[in-house]
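Given the sequences, and given the hints that come with them, work out the whole structure.
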Amino acid sequence: MKKMILFFLMGLAAVLLAACQTASAKSDTVDLTIEMSEFAYSPDTIELKVGQEVTLRVVNVGALEHELMIGREVVTTDSGAPRMFREDFFEGREPVIMASENEAEHADTNSEQGNDHDEEGNDHDQEGESEHGNTHGFMVSVPGNSQQEVTLTFTVTEDMVGEWQMGCFVDGGSHYAAGMVGKVVVTP
Numbered sequence: 001m002k003k004m005i006l007f008f009l010m011g012l013a014a015v016l017l018a019a020c021q022t023a024s025a026k027s028d029t030v031d032l033t034i035e036m037s038e039f040a041y042s043p044d045t046i047e048l049k050v051g052q053e054v055t056l057r058v059v060n061v062g063a064l065e066h067e068l069m070i071g072r073e074v075v076t077t078d079s080g081a082p083r084m085f086r087e088d089f090f091e092g093r094e095p096v097i098m099a100s101e102n103e104a105e106h107a108d109t110n111s112e113q114g115n116d117h118d119e120e121g122n123d124h125d126q127e128g129e130s131e132h133g134n135t136h137g138f139m140v141s142v143p144g145n146s147q148q149e150v151t152l153t154f155t156v157t158e159d160m161v162g163e164w165q166m167g168c169f170v171d172g173g174s175h176y177a178a179g180m181v182g183k184v185v186v187t188p
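Residues 1 to 188 in the working numbering are what the sequence shown lists, from first letter to last.
For the record, the hints were derived by calculation from the structure and aren't laboratory data. We put the CB at the ideal spot given by N, CA and C, even for glycine. Incorrect hints may appear among the rest.
Claimed, not checked - Quick list of simulated restraints, FRET-style, between CB atoms:
{"hint": "1", "residue 1": "147", "residue 2": "87", "range": "28 to 34 Å"}
{"hint": "2", "residue 1": "183", "residue 2": "81", "range": "20 to 26 Å"}
{"hint": "3", "residue 1": "43", "residue 2": "174", "range": "18 to 24 Å"}
{"hint": "4", "residue 1": "174", "residue 2": "145", "range": "32 to 38 Å"}
{"hint": "5", "residue 1": "73", "residue 2": "147", "range": "30 to 36 Å"}
{"hint": "6", "residue 1": "79", "residue 2": "30", "range": "34 to 40 Å"}
{"hint": "7", "residue 1": "53", "residue 2": "179", "range": "20 to 26 Å"}
{"hint": "8", "residue 1": "81", "residue 2": "162", "range": "22 to 28 Å"}
{"hint": "9", "residue 1": "185", "residue 2": "96", "range": "20 to 26 Å"}
{"hint": "10", "residue 1": "31", "residue 2": "72", "range": "36 to 42 Å"}
As C-alpha cells, this is what we get:
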C-alpha cells in the first residue's frame, strides 16, 4: 500500500512539474528589434519558441524604404524577379501593430490575401497590388531616413514551427535579390 501511495505521489509530482513547465513556457515574453538597412536585417536570424508572446520592433536605419515579410517559398514574377512568399508566417493571425501617430503615417502594412493567383503565384488581378507589387501576406514597410519603429506583437503558435525566411521585396524584388533576407526559426 505504501508503494502505491509513493508511486501515486511521484506521478502526481511529475504531472504538476510538467504543467508548471508548460505554463512557464507559455508565459514567456520576448522583446526583439530588427534593424533594416541596405540590404540586410540585423540580426539576420531570430529564434522563437511556441507559446512565447513576442514583441518585434522593426526599425529602418537605412536611407531607402524597406519592408519585412516572413514566409516560405519565394514566388517570382514571369521575368524571374522575387515577388513575395507563397506561405505567410502570419496567415490567419495578424499581429497587433503599434506605431506613434507620426510613424503610422509612414509605416505601411499589407495583409490583403484575396487576389487570384495561379499555382505559380502569378497575380491575375493587378488592381489590388500595393506599390511594391505585394498582394499576399503580411508585411511592414518603413520609409528610409526615418529611424521609425513599428512594433508587432503576436503569440507563437504550433503551426509556426519550422524554418521561415524574412525578405524585403521592395523595388521589384531588387532588395531581396541583393541579399536582404534573414531567417526565423520556431521550435516547439
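Going down the list of hints, with the structure as the test:
Taken as a hint, the range 28 to 34 Å holds for the pair residue 147 and residue 87, whose Cβ atoms sit roughly 31 Å apart. At about 21 Å, the beta-carbon gap between residue 183 and residue 81 stays in the expected band of 20 to 26 Å. Range check, residue 43 to residue 174: Cβ separation about 23 Å, and the 18 to 24 Å hint holds. Separation of residue 174 from residue 145 is about 19 Å and departs from the stated range, judged on CB atoms against 32 to 38 Å.
Under the hint 30 to 36 Å, the C-beta atoms of residue 73 and residue 147, about 33 Å apart, fit the expected range. The hinted range of 34 to 40 Å is satisfied by residue 79 and residue 30, whose Cβ atoms lie roughly 39 Å apart. Between residue 53 and residue 179 the CB atoms are about 31 Å apart, so this pair departs from the stated range of 20 to 26 Å. The beta-carbon spacing between residue 81 and residue 162, approximately 26 Å, falls within the hinted interval of 22 to 28 Å.
At about 22 Å, the CB distance of residue 185 to residue 96 agrees with the hint of 20 to 26 Å. Take residue 31 and residue 72: their Cβ atoms lie about 25 Å apart, and the range 36 to 42 Å is violated.
Hint compliance for this structure: hints 4, 7 and 10 are broken, all remaining hints hold.
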